[in-house]
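Chemist: If you want the building blocks of each chain, they are given just below.
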Amino acid sequence: MKITKSAQSGTMQSSDLMIFLEPADELIIEIESTVKQQFEHLIRAKVEEVLTQHQVSCGEIRINDRGALDYAIVARLEAGLKRACEKE
Amino acid sequence: MSVFQLRRSLLYVPGNMPSMLQNIPIFESDGVMIDLEDAVPLSEKDAARILVRRFLENYQDRNKEIIVRINALDTKWGEDDLRAVLPALPDGIRLPKADTPEIVETLDTMLTEFEEELGLEIGRFKILPSIESAEGVINCIRTAKSTKRLIGLAFGAEDYTASLEIERTKKGEELFAARTRVVWACKAAGIQAIDTIFADAGDMEGLHRETQLIKTLGFSGKSLVNPRQIDVIHEVFAPKQEDVDYALQVVDAIQKAREMGTGVISLHGKMVDAPVVKRAVNTLKTAQAHGMIDIELDEEVIYGQE
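Heads up: the sequence lines are chains A and B, in that order.
At position 66 of the first sequence (counting the first as 1) the number is 66 in full-length UniProt numbering, and the numbers step up by one without a gap.
At position 291 of the second sequence (counting the first as 1) the number is 291 in full-length UniProt numbering, and the numbers step up by one without a gap.
Bound-form chain B, shown alone (with noise of 0.2 Å):
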């Protein structure tokens, strides 16, 4: 897998459901969470858990990122969950109610007791810690660094909105706050921010409307539970033709400026300098990503020469 992936979309299927595994092949989504937790009763969780390692097993062309979501590791099915699916090695474990570092921290020497178990390298299971409660938001920032294996956060406001007595709404005014701090958190440890899912599968303006917001605050994906939400949400992340332009605009210009001994260029007549440049590389990796350039970054050009 590339250094940057791709997670704009990562779609929740229900680990129980033979008909919704089947179709993981077939999805669009940049990635899937099979979800042992919420969309499993409890008087399934066993069988559910030999579903998904026997789905996985046989799915040997993978075309997109497999992450599981185990139950809580204080209930008493998750440390099974793990057991169960591991040797069918997904890609990551999203772990629900990571309120504290610690939590993340125990995780992830269990997952290194499996790789050494499996004869598999350490640090190969991936983590995606679920930010869903007051307390999980509060201690995020140390959470986002707690481990290595971390590919980012994902911020799940249907459980935050419970553990603060409080609604949640499509506008999303109450979810601001924790949003911001778990964005932050994400680009201290530069780790991916995962935003939450939009329950309401039918309503795909309020959809646009909400992930339009959460890429402006910084997310770089979403969680969702309807394929039919794939395509809006691809659509919002990707860049535009004219941001793509004005980035190799800006490339080009800096280079031009290093040559001419300046880290400081007019471009239009708007000045172009380091944090710009930052910018318009962050674009050109998307862009990358989805396909739309085929380029060399050079760091070196891009930054200049000590």
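Just chain A, same shape as in the assembly (with noise of 0.2 Å):
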């Protein structure tokens, strides 16, 4: 899959995730986090495994986490994948 526009999914509840897409030409990825010092190592490499899985090399992903579980980040990663791979 390829990031070929803007997208964005999840929401700003606690328990969930906001994630921004956009296109680049390298992998970027920031986490802010509720619990960034404890846990963002754990974010990263959730994130990447479903990067991976999805074949996305490059594309820079923003994540602002308040406190997701592991199934909410998969589940909105996937979803914010759908939207910024869309074909137009």
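Source of the hints: derived by calculation from the structure; they are not laboratory data.
Here the structure is a predicted model, which is why all the values come from computation and not from measurement.
Beta carbons: idealized from backbone N, C-alpha and C, even for Gly.
It is possible that part of the hints are untrue.
[Stated by the list, open to error] If you only want the chain A side, here are some residues facing chain B, beta carbon under 10 Å, derived:
#  : residue
1  : Lys2
2  : Gly10
3  : Thr11
4  : Ser15
5  : Ala68
6  : Ala72
7  : Arg76
8  : Glu78
9  : Gly80
10 : Cys85
Take the two lone chains, each set in its own frame, and fit them into one complex as the hints suggest.
Modeler: Put into structure tokens, the structure is as follows:
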């Protein structure tokens, strides 16, 4: 999959996260989180896992996490990718 | 799952809210209805079904019945909802706007196709149709017999009153005829009748009154919007100890009567015959489902031998 346009997914409610996706020439992942200190590496690992599964190798992905569990991170990223990779 | 599944309380959980989905394991309702329809804005339909699927895949130790309310089949989302959530194995689908038996039959066929595709037993996914319009109420007697997948019919008063262009009141006189017809349809088909939501989550007295009313009419449970409503509903539906004691006496009496070669006997001066026994058995089955008693209900002893 290739990120071809800007898209976003998720919400700013607690236990959720908001993801912003933009086309880019390289892979950039930025993470803001209410639990950044403890969990940033785990969030990043989950995001990378999903990107690899969907064969996404470039794009700018900004995450604003409100304490989401793994299933929600996966779901929001999948929804975001679907929106950002849709054909025009 | 046991043959007689308690469905006193079916709690709606918005499908696009992780904070609510994550609480499903700790809610004490008999079941939940994860909502992809009215609780999800149009712009989030695609994301909500993915979230629900991932949540359900992750929720392995299920401790209550999981029903997903999809969007109606005549919308562009209904079929995609099914495709997204069925692989995560919900117990059933709540079908909005089940105005005719044909609409339920269409879902039945679709579920069979998904079951074949997923390699599941045919009939695994149950259906709970929403009867929520004048047309739905008129057709519900046939709808109740439309497929073996039905666990019941669920009356939806908010949409129903909108279809009648009337206000919904707390007393509910305007719902009486429709509720009665839904109960008839369910009892004739041998399925459960589930009543509508009570929208005012702050009014526990009103909820109690309405639950008492619908129990009297023959409903076996209620949809609800707020977890705080669960206790009130369970309290109303719990069999009273005195009713259970009396039912046990009735069964005992009819067994003695049979030994004496008759089908009717007097208990505390009141006649006990077949319909009384039937009601007593229903009470005992409910009490058993509530864990109040643990007895073997031998059909032959209760109804006698031929």
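Chemist: Next, verify each hint and record whether it holds.
Modeler: How the hints compare with the structure:
no.: 1; hint: Lys2; verdict: violated, 19 Å
no.: 2; hint: Gly10; verdict: holds, 7 Å
no.: 3; hint: Thr11; verdict: holds, 7 Å
no.: 4; hint: Ser15; verdict: holds, 4 Å
no.: 5; hint: Ala68; verdict: holds, 6 Å
no.: 6; hint: Ala72; verdict: holds, 4 Å
no.: 7; hint: Arg76; verdict: holds, 7 Å
no.: 8; hint: Glu78; verdict: holds, 5 Å
no.: 9; hint: Gly80; verdict: holds, 8 Å
no.: 10; hint: Cys85; verdict: violated, 13 Å
The structure does not agree with the numbered hints 1 and 10 stated previously, though it agrees with the rest.
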